[in-house]
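J.: Sequence:
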Amino acid sequence: MIAWLLLLLYVAVLFACLWKLFERAGRKAWEGFVPGYNLWVWLKITGKPWYWLLLMLVPGINLLVLIILNVNLSIVFGERELKQHVKMVFLPWAAIPQLAYRSKAAYAGPIPHGKHQRGMLGQWGDAILFAVIVATTFRVFTFEAFTIPTESMEKSLLVGDYLFVSKLSYGPRMPMTPITFPFTHHTLPLTEKTPSFTNWFSQPYRRLPGFGSPQRGDAVVFNFPEGDTVVANYQNMSYYQLARSFDRNDILKGYFRVTDESGRKRRIDTGGLLIRPLDKKENYIKRCVAVAGDSLEVRDGMVHVNGEAQPLRETGQYAYGFSLSGVFNKKTLKETMDITTTDVTERGDTAEIPLTAANAAKLKGFSNVKAMTRQNKPRGSYGAKDGWPIFPNDPRYDWSEDNFGPIWVPKAGATVQLTLQNLPLYRRAIEVYEHNTLEVKDGAIWINGAKATSYTFQQDYYWMMGDNRHRSQDSRYWGFVPHDHVVGKAVLVWLTVDKENGGFPFGIRWKRLFSLVK
Numbered sequence: 006m007i008a009w010l011l012l013l014l015y016v017a018v019l020f021a022c023l024w025k026l027f028e029r030a031g032r033k034a035w036e037g038f039v040p041g042y043n044l045w046v047w048l049k050i051t052g053k054p055w056y057w058l059l060l061m062l063v064p065g066i067n068l069l070v071l072i073i074l075n076v077n078l079s080i081v082f083g084e085r086e087l088k089q090h091v092k093m094v095f096l097p098w099a100a101i102p103q104l105a106y107r108s109k110a111a112y113a114g115p116i117p118h119g120k121h122q123r124g125m126l127g128q129w130g131d132a133i134l135f136a137v138i139v140a141t142t143f144r145v146f147t148f149e150a151f152t153i154p155t156e157s158m159e160k161s162l163l164v165g166d167y168l169f170v171s172k173l174s175y176g177p178r179m180p181m182t183p184i185t186f187p188f189t190h191h192t193l194p195l196t197e198k199t200p201s202f203t204n205w206f207s208q209p210y211r212r213l214p215g216f217g218s219p220q221r222g223d224a225v226v227f228n229f230p231e232g233d234t235v236v237a238n239y240q241n242m243s244y245y246q247l248a249r250s251f252d253r254n255d256i257l258k259g260y261f262r263v264t265d266e267s268g269r270k271r272r273i274d275t276g277g278l279l280i281r282p283l284d285k286k287e288n289y290i291k292r293c294v295a296v297a298g299d300s301l302e303v304r305d306g307m308v309h310v311n312g313e314a315q316p317l318r319e320t321g322q323y324a325y326g327f328s329l330s331g332v333f334n335k336k337t338l339k340e341t342m343d344i345t346t347t348d349v350t351e352r353g354d355t356a357e358i359p360l361t362a363a364n365a366a367k368l369k370g371f372s373n374v375k376a377m378t379r380q381n382k383p384r385g386s387y388g389a390k391d392g393w394p395i396f397p398n399d400p401r402y403d404w405s406e407d408n409f410g411p412i413w414v415p416k417a418g419a420t421v422q423l424t425l426q427n428l429p430l431y432r433r434a435i436e437v438y439e440h441n442t443l444e445v446k447d448g449a450i451w452i453n454g455a456k457a458t459s460y461t462f463q464q465d466y467y468w469m470m471g472d473n474r475h476r477s478q479d480s481r482y483w484g485f486v487p488h489d490h491v492v493g494k495a496v497l498v499w500l501t502v503d504k505e506n507g508g509f510p511f512g513i514r515w516k517r518l519f520s521l522v523k
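Just so we're aligned: the sequence shown equals residues 6 to 523 in my numbering.
Careful, some of the hints might be misleading.
[Unchecked claim] Cβ-Cβ distance ranges computed for the label pairs, FRET-style:
(1) Glu436 / Ser218: 32 to 40 Å
(2) Pro115 / Leu68: 18 to 26 Å
(3) Thr199 / Trp45: 37 to 45 Å
(4) Ala136 / Lys336: 44 to 52 Å
(5) Gly31 / Phe509: 52 to 60 Å
[Stated by the list, open to error] Calculated lysine to aspartate or glutamate pairs in the DMTMM-like style (CA-CA distance at most 25 Å, straight line):
(6) Lys367 / Asp354
(7) Lys390 / Glu197
(8) Lys504 / Glu197
(9) Lys390 / Asp305
(10) Lys198 / Glu149
(11) Lys367 / Asp391
(12) Lys92 / Glu197
(13) Lys258 / Glu156
(14) Lys516 / Asp343
(15) Lys25 / Glu86
(16) Lys367 / Glu86
(17) Lys390 / Asp403
(18) Lys335 / Glu313
(19) Lys270 / Asp252
(20) Lys53 / Glu86
(21) Lys504 / Glu351
(22) Lys390 / Glu231
(23) Lys504 / Glu231
(24) Lys109 / Glu156
(25) Lys109 / Glu149
(26) Lys369 / Glu351
Honestly, the hints are just simulated from the structure, not real lab data.
For every residue, glycine included, the Cβ atom is placed at its ideal position computed from N, Cα and C.
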């Protein structure tokens with residue numbers, strides 16, 4: 006509310022002052038009162054190009070443009086001191102009226118010359134600000150660079166891959182948290198948990214038209230649906246899963262209670278909780294395996310969509326267990342099959358490794374392999390002691406990552422009949438993603454204060470899974486991805502670096518440079 010009041014006050018200041026400044030610049034007073042046109046005149050008298058009007062339509066970008074215009078307004082009327090520019094940036098409500106009614110400086114023209122020429126620092130400042138505007142606009146509306154931090158998509162996408170993600174494929178989202186430090190996502194550089202954004206001024210979700218919507222097989226970047234609340238010292242873990250595994254009240258107080266191997270109980274500091282708006286949730290990348298309206302089931306590790314089997318692609322991996330007569334030579338595995346050392350988990354004479362079908366066939370023939378089996382956890386593998394890690398994280402469902410479903414993926418405009426049995430599947434979508442109040446009382450479901458036996462969804466949802474099936478935290482653990490969480494489609498690997506081979510530049514995977522994401 007305060008942000009909107011300050012914005013309204015700023016607009017009022019402009020209407021009260023621009024006409025006066027326009028007159029001193031040789032323009033007509035009435036031009037200061039015509040919305041839109043007065044911005045065009047403002048650009049003219051400060052020497053800025055007309056297309057900056059288009060930038061004024063973009064949330065976040067328009068704030069930077071207005072800051073530049075405020076400063077340039079003071080410059081063309083003779084104010085050259087740094088303190089005057091700082092005041093125009095942070096206190097335009099006072100600085101603009103002072104310039105209009107108290108200052109007697111003459112208009113120097115859109116391009117200052119002679120004694121009014123700006124210093125090197127000022128010129129560089131303008132250039133840097135404009136570069137930030139252009140780069141931010143490109144990043145928000147066309148392509149953004151991402152990196153692959155985990156192995157959940159191997160061997161399709163590798164740890165160390167740097168990608169370009171197309172915002173145009175599904176339509177770029179308008180910034181929802183526009184006041185943010187440039188070129189950051191949710192955390193300031195050189196810090197671990199200091200927010201790089203402020204949410205006191207926010208915008209509702211809006212998306213511009215794109216070339217399409219997520220399709221089965223797309224590598225999709227999206228905001229982690231459960232990323233609204235984050236445990237500061239465990240940011241790579243779901244807060245909700247931690248709350249199921251530990252005492253939620255303890256977490257709210259800032260610690261976990263754990264029991265070590267000796268049986269002693271101790272506390273572990275959580276670092277506190279971080280709250281993030283939708284567009285500042287962590288970015289994930291997974292494969293879209295089912296779209297809105299599909300029915301999905303996983304049987305013995307094989308995904309079935311609408312009753313049809315969807316074989317794992319050649320670059321996908323399952324986890325295999327080995328019974329060994331001798332340990333694996335990790336250097337040989339890396340050199341011959343590009344199996345990273347961290348992929349090999351050994352315990353005595355057993356090992357577990359995520360493998361493509363081709364690599365599994367090769368390893369099965371190694372002389373030290375006595376037996377090899379692919380992971381296939383049956384239903385009922387998890388329970389309360391595990392914190393019910395598999396979606397919908399409810400004791401009424403005994404699913405595992407290998408034997409899951411069937412489940413229907415919600416579609417905008419489609420209606421589902423609600424029962425107490427299937428409510429766990431759709432409760433978070435109804436309550437959190439679509440912003441309804443929901444409660445169960447007297448054996449009935451109540452939505453927004455009315456008794457409900459059905460619900461019509463407001464947006465499409467998707468089911469995302471990693472190609473590295475047993476090393477991926479995906480929809481099998483936290484459920485549906487709403488359409489408003491979708492960021493874009495991964496399209497190009499522009500750089501890729503293997504840290505195990507020396508990092509940059511010695512570990513560059515030259516053959517993967519500028520390869521399309523499949």
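J.: To test your reading of the hints: which numbers does this structure violate?
T.: 1, 7, 11, 12, 13, 16, 18, 23, 24, 25
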